[in-house]
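S.K.: Chain by chain, the residues:
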Amino acid sequence: MPVNETDEELMDRFLEGDAAAFDALFERHVSGVHAYLYRITGNRSAAEDLAQQTFLSVVRARDRFRRGAKVKPWLYAIATNAARDARRRVRERPTDSGELNEADMGTVEQVPQILGASLQRALNSLPPVQREAIVLHQLEGLSFKEIAAMLGQAESTVKVRAHRGYQALKALLKPALGGGES
Amino acid sequence: MSDQLPDLTTTEATPALSSARRAAMLNAVRHELSDGRKPMAWWAAAVLTIVAQLVIGAAATAATTRGEIHNPGAFGTVMVIAALLLVVQLAASFAALAPERRNSRLTLAFTGGALAVLIPIVGNASSPAVDFWRAGMACGITELALSFVPLVLWLVWLTRFAADPLRTAIAALAAGATGQFVLHLHCRSADPAHLFVFHVGAWALAVGVSVVLRQRLPSRSHAP
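Protein chains in written order, with the numbering used here: chain A, 1 to 182; chain B, 1 to 224.
Since the hints were derived computationally from the structure, they do not count as laboratory data.
Each hint should be verified, as a subset may be incorrect.
Straight-line Cα separation of at most 27 Å, DSS-like style, residue types lysine-lysine; simulated pairs [stated by the list, open to error]: (1) A/Lys-72 <-> A/Lys-145; (2) B/Lys-38 <-> A/Lys-70; (3) A/Lys-72 <-> B/Lys-38; (4) A/Lys-72 <-> A/Lys-174; (5) A/Lys-170 <-> A/Lys-159; (6) A/Lys-70 <-> A/Lys-159.
Here the structure is a predicted model, which is why all the values come from computation and not from measurement.
Bound conformation, chain A alone (with noise of 0.2 Å):
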């Protein structure tokens, strides 16, 4: 199989009866999903159920991929309906707040590990519409008018959203990145 093959190809060859092709694609964006659903949970085993509940989604869905449209946006949205439902039936649990407490001051070898659990931390403070906007656009590269159309909202809607959250982590993160008044 060739290695550059893009999504959209492997797609094809699976939508014609290739299994092979599917577990190239998820072995090609299982982890980024995985990844993904961590960042907009907050929680490890409620990520892996779900990544596992998209994928198989993508497979019981198929039929209705539309030949030609991008694969990983179908598949973000997938993800993000996965965790929606999942919030609805199971009340949030209130998460730390977004503040960084003195143990996460740790030593200058930790930062990257404290940045990266700070920055979890402030994300599961963020409504969940914000949360989603910003690891969409800021995380797995998507563009606005790509998370809009997934989602079946405005792209304006989007922006706002993303906009809205950014503000609040910046003011969550200023600590950790050592920001006074700027």
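Following the hints, put chain B in place on chain A, whose structure we already have.
M.R.: Using the frame of chain A, we list chain B on its own:
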């Protein structure tokens, strides 16, 4: 907007997926694939439900009207409303299950709402004096009973999609149009209050209950 942000791509806090878990996931999906069952095409599910709605509507209309339209309104107006109900039902049936097409569903939601307002307005004719609540409840219950089977079918199909209140509302609009059509031809009352509360109200109740139910049903697929 994002250029003022810290580097959010730091992934140290994101736990890696273990190879065992990754393999278990892939096995679960392969098992689903090896099952060999191909999902029914969305349009086939829509056609099946349309047939069910039309059969129920036709049988109930034949049984209740016995070839005579009881609606006291002008014949032409009654026929136009009946035709609009059928058109909305057909369009909503396809829009409820079509991938993407969110704008079509929004348009249909507005059209259905306009039709619901239109029905009591054009029914403003003289009407026989009957017990408002007793006669009304009979109409409301009949409408809900006639819509029950299509609603169950829609809810089954909709669990193959991510829960979407708009999609569910459009499906319930189609299902409710079955009972609405039968009552439109059969009911002798043209009292706007009766039409609003027991005809349109029952339709709205079907939509509301369906949306609430669908939100509580598990999804077999989370695809949009």
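S.K.: Please go over all the hints and tell whether each is borne out by the structure.
M.R.: We went through each hint and held it up to the structure:
Taken as a hint, the A/Lys-72 and A/Lys-145 pair is honoured in the structure, with Cα atoms around 13 Å apart against an allowance of 27 Å. Distance hint between B/Lys-38 and A/Lys-70 is fulfilled; the C-alpha atoms sit about 23 Å from each other, no more than 27 Å. With a CA separation close to 23 Å, the supplied pair A/Lys-72 and B/Lys-38 stays within the 27 Å bound. A C-alpha spacing of about 32 Å is found between A/Lys-72 and A/Lys-174, which places the hinted pair above 27 Å, so the restraint is violated.
Distance hint between A/Lys-170 and A/Lys-159 is fulfilled; the C-alpha atoms sit about 16 Å from each other, no more than 27 Å. Taking the CA atoms of A/Lys-70 and A/Lys-159, the gap is about 21 Å. The hint holds against a cut of 27 Å.
Violated hint: 4 only; the structure is consistent with all others.
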